[in-house]
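Protein chains: 2
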Amino acid sequence: MYKEPASFKLDIESGVIEDSKRLVRRLSDMKGYFVDEEAWKELVEKENPVVYEVYAVEQEEREGDLNFATTILYPGKVGKEFFFTKGHFHAKPDRAEVYVALKGRGGMLLQTPEGEARWIPMEPGTIIYVPPYWAHRTVNTGREPFIFLAIYPADAGHDYGTIAKKGFSKIVIEEDGEVKVINNPRWKA
Amino acid sequence: MYKEPASFKLDIESGVIEDSKRLVRRLSDMKGYFVDEEAWKELVEKENPVVYEVYAVEQEEREGDLNFATTILYPGKVGKEFFFTKGHFHAKPDRAEVYVALKGRGGMLLQTPEGEARWIPMEPGTIIYVPPYWAHRTVNTGREPFIFLAIYPADAGHDYGTIAKKGFSKIVIEEDGEVKVINNPRWKA
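For the record, the sequence lines run as chains A and B. In terms of the working numbering, the first sequence opens at residue 1 and continues consecutively. In terms of the working numbering, the second sequence opens at residue 1 and continues consecutively.
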């Protein structure tokens, strides 16, 4: 039998998709992700802020089907490092993804399995094509929530482990009031 | 080697994606699509308007990769029937698609291979999940351009022939100032 077509209401101002699955990541869920571990610990103990929320509409894992999700990535920093999403490769690494920036300011870090990194700034209307094999993480470099929509193959899956362990070879920080993309001091190739 | 990540600038007001491939469909390209053939002929001879434009970013045809495109569907009618896109099944019929309405008002006709149809209204913020196997056509029921973004598997392909020959079992018309979805008088199951 055929699956029934479905429509969803996306509130572009808030990023919320009605009747979707909500996931919340607090700073305590991101132990080991930020370079300044002291600053991380302090902020977790003080307020443990929500770093991002995801609203996802997902199908069974099947070739040729599609999932989509919005992310609301809140503004903030851990030490000098801007808030970011965990970032992942796809479990099927050759699956691509498309991102559409809706609100706020930020960017995407991308990285090959060998650690070659790219930084792409995003503002409302930016569409990013994430090619097969590139890990990807979004970063909020602004002062308001950074909201974007992602569309990905239903069988892409997520490999968070590699990034959780190794991180990205670049980090995105604020220094002297400027956004800077610098080498990750903890990176080991 | 890895494909390079890429970003594209979508102007949400106009629907144009910079550095994408533009395709234009005029009314003369849609012979046989509208029920009122006299009205079609007259309008083609008078001004042959652009019915829609597409701005597409496409990859090679490969499983797990993704394409995306905006469509600017202009307001207008042929007789009572609102302007629409040709509509298609996917050449790989089990490929899904995701539509995001950005501007204007309209809707989507969907249809199974057996001719079972659905109508889903669209306004800015509506996201439609087009499941595997459903043909789909968008319709502008408003007075301004209807603009939306579609994301689809790079290996989905297009089967326009079935719809070109048989059409949809429903048509969308204006009658007494109202939008009506009625049975297609020319439909043969």
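Hints are computed from structural coordinates only; laboratory data are not their basis. Any given hint might turn out to be false.
The list treats identical chains as interchangeable, and a pair is accepted whether it falls inside one copy or across any two copies.
[Unchecked claim] Once the Cα atoms are required to be at most 27 Å apart in a straight line, the calculated DSSO-like pairs of lysine-lysine come out as:
#, residue 1, residue 2
1, K9, K103
2, K103, K21
3, K46, K77
4, K166, K77
5, K41, K92
6, K3, K77
7, K92, K3
8, K3, K188
These numbers were taken from a predicted model, which means no experiment stands behind them.
One pair to classify: K3 and K188, alpha carbons no more than 27 Å apart. Within, between, both, or neither? Only across copies: K3 and K188 sit 24 Å apart there, 46 Å inside one copy, limit 27 Å.
At most 27 Å between CA atoms: does that hold for K46 and K77 within a copy, between copies, both, or neither? The answer is within: 14 Å in one copy meets 27 Å, while 61 Å across copies does not.
Intra- versus inter-subunit Cα pairing at 27 Å for K103 with K21: both (21 Å within a copy, 26 Å between copies)
With identical chains, the pair K9 and K103 could be close in the same copy or across copies; at 27 Å between alpha carbons, which is it: within, between, both, or neither? both (16 Å within a copy, 14 Å between copies)
Should K92 paired with K3 be assigned to within, between, both, or neither, using CA atoms and 27 Å as the limit? Both, since 24 Å and 16 Å are each at most 27 Å.
State whether the alpha carbon distance between K3 and K77 is at most 27 Å within one copy, between copies, both, or neither. Cα proximity of K3 and K77: none, with 43 Å in one copy and 31 Å across.
Is it within, between, both, or neither for K166 and K77, if the alpha carbons may be no more than 27 Å apart? within (20 Å within a copy, 58 Å between copies)
Treating 27 Å as the Cα threshold, decide for K41 and K92: within, between, both or neither. So K41 and K92 fail the 27 Å test inside a copy (34 Å) and across (51 Å) alike.
The structure is inconsistent with the numbered hints 5 and 6, although it conforms to all the rest.
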